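Residue numbers for the sequence shown, in my numbering: 1 to 136.
Hints were generated in silico from the structure; no laboratory data involved. These numbers come from a predicted model, not from an experiment. Just so you know, even glycine gets a beta-carbon here, dropped at the ideal spot from N, CA and C. Mixed in with the good hints there might be a few duds.
[Stated by the list, open to error] Pair ranges (Cβ atoms, derived):
{"#": "1", "residue 1": "Gln28", "residue 2": "Ser51", "range": "25 to 33 Å"}
{"#": "2", "residue 1": "Gln121", "residue 2": "Thr55", "range": "27 to 35 Å"}
{"#": "3", "residue 1": "Thr22", "residue 2": "Lys59", "range": "24 to 32 Å"}
{"#": "4", "residue 1": "Lys59", "residue 2": "Leu26", "range": "25 to 33 Å"}
{"#": "5", "residue 1": "Thr103", "residue 2": "Thr33", "range": "13 to 21 Å"}
{"#": "6", "residue 1": "Thr31", "residue 2": "Thr103", "range": "19 to 27 Å"}
{"#": "7", "residue 1": "Gly126", "residue 2": "Arg50", "range": "31 to 39 Å"}
{"#": "8", "residue 1": "Ser51", "residue 2": "Arg14", "range": "28 to 36 Å"}
{"#": "9", "residue 1": "Asp27", "residue 2": "Glu83", "range": "26 to 34 Å"}
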Amino acid sequence: MKLLLIYADSFSYRTAMKTVETEPDLDQERTITDALVGFIHLEESDEADRSGIETKLVKVLKWAARKNDTDRVVLHSFAHLAESKASPGFAKAVLDGAEGRLTGSGYEAIQTPFGYFLDLQVSAPGRPTARIFKSF
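I would like the entire structure built from these sequences, with the hints used as guidance.
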(Lines of atoms letter the chains of each structure in order from A and count residues from 1; the text may use other names and numbers.)
(Lines give C-alpha, C1' and ligand atoms only; values in the text may rest on other atoms or scores of the structure.)
Protein backbone atom coordinates (compact mmCIF):
# COMPACT_ATOMS: atom_id res chain seq x y z
CA MET A 1 0.00 0.00 0.00
CA LYS A 2 1.06 3.51 -0.77
CA LEU A 3 -0.57 6.30 1.16
CA LEU A 4 -0.28 10.04 0.52
CA LEU A 5 -1.88 12.03 3.34
CA ILE A 6 -2.67 15.71 2.99
CA TYR A 7 -4.30 17.76 5.70
CA ALA A 8 -6.65 20.15 3.89
CA ASP A 9 -8.29 23.32 5.11
CA SER A 10 -10.61 22.65 2.18
CA PHE A 11 -10.99 19.65 -0.15
CA SER A 12 -13.49 19.71 -3.01
CA TYR A 13 -14.33 17.10 -5.60
CA ARG A 14 -16.66 16.65 -8.52
CA THR A 15 -17.22 13.41 -10.43
CA ALA A 16 -15.68 13.72 -13.88
CA MET A 17 -15.33 10.30 -15.55
CA LYS A 18 -16.46 6.83 -14.52
CA THR A 19 -13.66 4.23 -14.65
CA VAL A 20 -15.25 1.16 -13.02
CA GLU A 21 -18.33 0.06 -14.98
CA THR A 22 -19.89 -1.82 -12.06
CA GLU A 23 -20.16 1.37 -9.98
CA PRO A 24 -23.40 3.39 -10.15
CA ASP A 25 -23.66 6.47 -12.36
CA LEU A 26 -23.06 9.59 -10.27
CA ASP A 27 -23.03 13.33 -10.75
CA GLN A 28 -21.70 14.46 -7.40
CA GLU A 29 -19.92 17.52 -6.02
CA ARG A 30 -18.84 18.14 -2.44
CA THR A 31 -16.59 20.37 -0.33
CA ILE A 32 -15.13 19.14 2.96
CA THR A 33 -13.26 21.38 5.40
CA ASP A 34 -10.70 20.67 8.14
CA ALA A 35 -9.96 17.12 6.98
CA LEU A 36 -7.15 14.65 6.56
CA VAL A 37 -7.36 13.41 2.97
CA GLY A 38 -5.92 9.96 2.33
CA PHE A 39 -4.90 9.27 -1.28
CA ILE A 40 -4.88 5.47 -0.99
CA HIS A 41 -3.22 3.09 -3.47
CA LEU A 42 -3.75 -0.60 -2.74
CA GLU A 43 -1.33 -2.98 -4.43
CA GLU A 44 -1.77 -6.53 -5.67
CA SER A 45 0.41 -7.89 -2.82
CA ASP A 46 -1.98 -6.32 -0.27
CA GLU A 47 -4.66 -8.82 -1.27
CA ALA A 48 -2.83 -11.55 0.70
CA ASP A 49 -3.74 -9.91 4.05
CA ARG A 50 -6.85 -7.74 3.89
CA SER A 51 -7.32 -7.57 7.66
CA GLY A 52 -3.70 -6.63 8.30
CA ILE A 53 -3.55 -3.98 5.60
CA GLU A 54 -6.87 -2.48 6.70
CA THR A 55 -5.65 -2.33 10.32
CA LYS A 56 -2.41 -0.58 9.28
CA LEU A 57 -4.35 1.87 7.12
CA VAL A 58 -6.72 2.81 9.95
CA LYS A 59 -3.88 3.20 12.47
CA VAL A 60 -1.93 5.52 10.16
CA LEU A 61 -5.04 7.57 9.33
CA LYS A 62 -5.88 8.01 13.03
CA TRP A 63 -2.28 8.96 13.85
CA ALA A 64 -2.12 11.55 11.06
CA ALA A 65 -5.55 12.96 11.95
CA ARG A 66 -4.40 13.45 15.56
CA LYS A 67 -1.19 15.13 14.32
CA ASN A 68 -3.38 17.61 12.45
CA ASP A 69 -5.97 18.03 15.22
CA THR A 70 -8.94 16.82 13.17
CA ASP A 71 -11.44 14.01 13.49
CA ARG A 72 -12.54 14.23 9.84
CA VAL A 73 -10.91 11.77 7.41
CA VAL A 74 -11.51 11.53 3.65
CA LEU A 75 -10.77 8.18 2.00
CA HIS A 76 -9.89 8.61 -1.67
CA SER A 77 -8.95 5.66 -3.87
CA PHE A 78 -5.91 6.83 -5.82
CA ALA A 79 -4.36 4.09 -7.96
CA HIS A 80 -1.48 6.26 -9.24
CA LEU A 81 1.26 5.85 -6.60
CA ALA A 82 2.72 2.51 -7.75
CA GLU A 83 2.74 0.21 -10.77
CA SER A 84 1.01 -2.75 -9.10
CA LYS A 85 -2.71 -2.38 -8.42
CA ALA A 86 -5.13 -4.42 -6.33
CA SER A 87 -8.41 -5.46 -7.92
CA PRO A 88 -11.19 -2.85 -7.74
CA GLY A 89 -13.31 -5.16 -5.58
CA PHE A 90 -10.52 -5.61 -3.04
CA ALA A 91 -9.74 -1.88 -2.96
CA LYS A 92 -13.39 -0.98 -2.41
CA ALA A 93 -13.73 -3.58 0.38
CA VAL A 94 -10.68 -2.17 2.22
CA LEU A 95 -11.96 1.40 1.89
CA ASP A 96 -15.41 0.37 3.14
CA GLY A 97 -13.85 -1.51 6.06
CA ALA A 98 -11.61 1.43 6.98
CA GLU A 99 -14.56 3.81 6.80
CA GLY A 100 -16.54 1.61 9.19
CA ARG A 101 -13.66 1.27 11.63
CA LEU A 102 -12.98 5.01 11.65
CA THR A 103 -16.66 5.82 12.18
CA GLY A 104 -16.81 3.26 15.00
CA SER A 105 -13.85 5.03 16.65
CA GLY A 106 -15.55 8.42 16.65
CA TYR A 107 -14.10 9.86 13.45
CA GLU A 108 -16.15 11.40 10.68
CA ALA A 109 -15.12 9.23 7.73
CA ILE A 110 -16.04 10.30 4.21
CA GLN A 111 -15.36 8.24 1.12
CA THR A 112 -15.08 9.90 -2.29
CA PRO A 113 -17.00 8.19 -5.11
CA PHE A 114 -15.17 4.96 -5.96
CA GLY A 115 -14.44 4.15 -9.59
CA TYR A 116 -14.35 7.72 -10.84
CA PHE A 117 -11.79 10.25 -11.91
CA LEU A 118 -12.60 13.38 -9.95
CA ASP A 119 -11.97 17.05 -10.49
CA LEU A 120 -10.15 18.03 -7.29
CA GLN A 121 -9.36 21.23 -5.43
CA VAL A 122 -7.11 21.06 -2.37
CA SER A 123 -6.19 23.95 -0.09
CA ALA A 124 -3.49 22.79 2.33
CA PRO A 125 -1.42 24.73 4.86
CA GLY A 126 2.37 24.81 4.63
CA ARG A 127 3.37 22.83 7.70
CA PRO A 128 5.25 19.53 8.09
CA THR A 129 2.33 17.43 9.37
CA ALA A 130 0.09 18.53 6.47
CA ARG A 131 1.87 16.20 4.02
CA ILE A 132 2.83 12.64 4.88
CA PHE A 133 3.74 9.66 2.67
CA LYS A 134 3.67 6.07 3.94
CA SER A 135 4.42 2.79 2.22
CA PHE A 136 3.73 -0.62 3.78
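Failing hints, ascending? none
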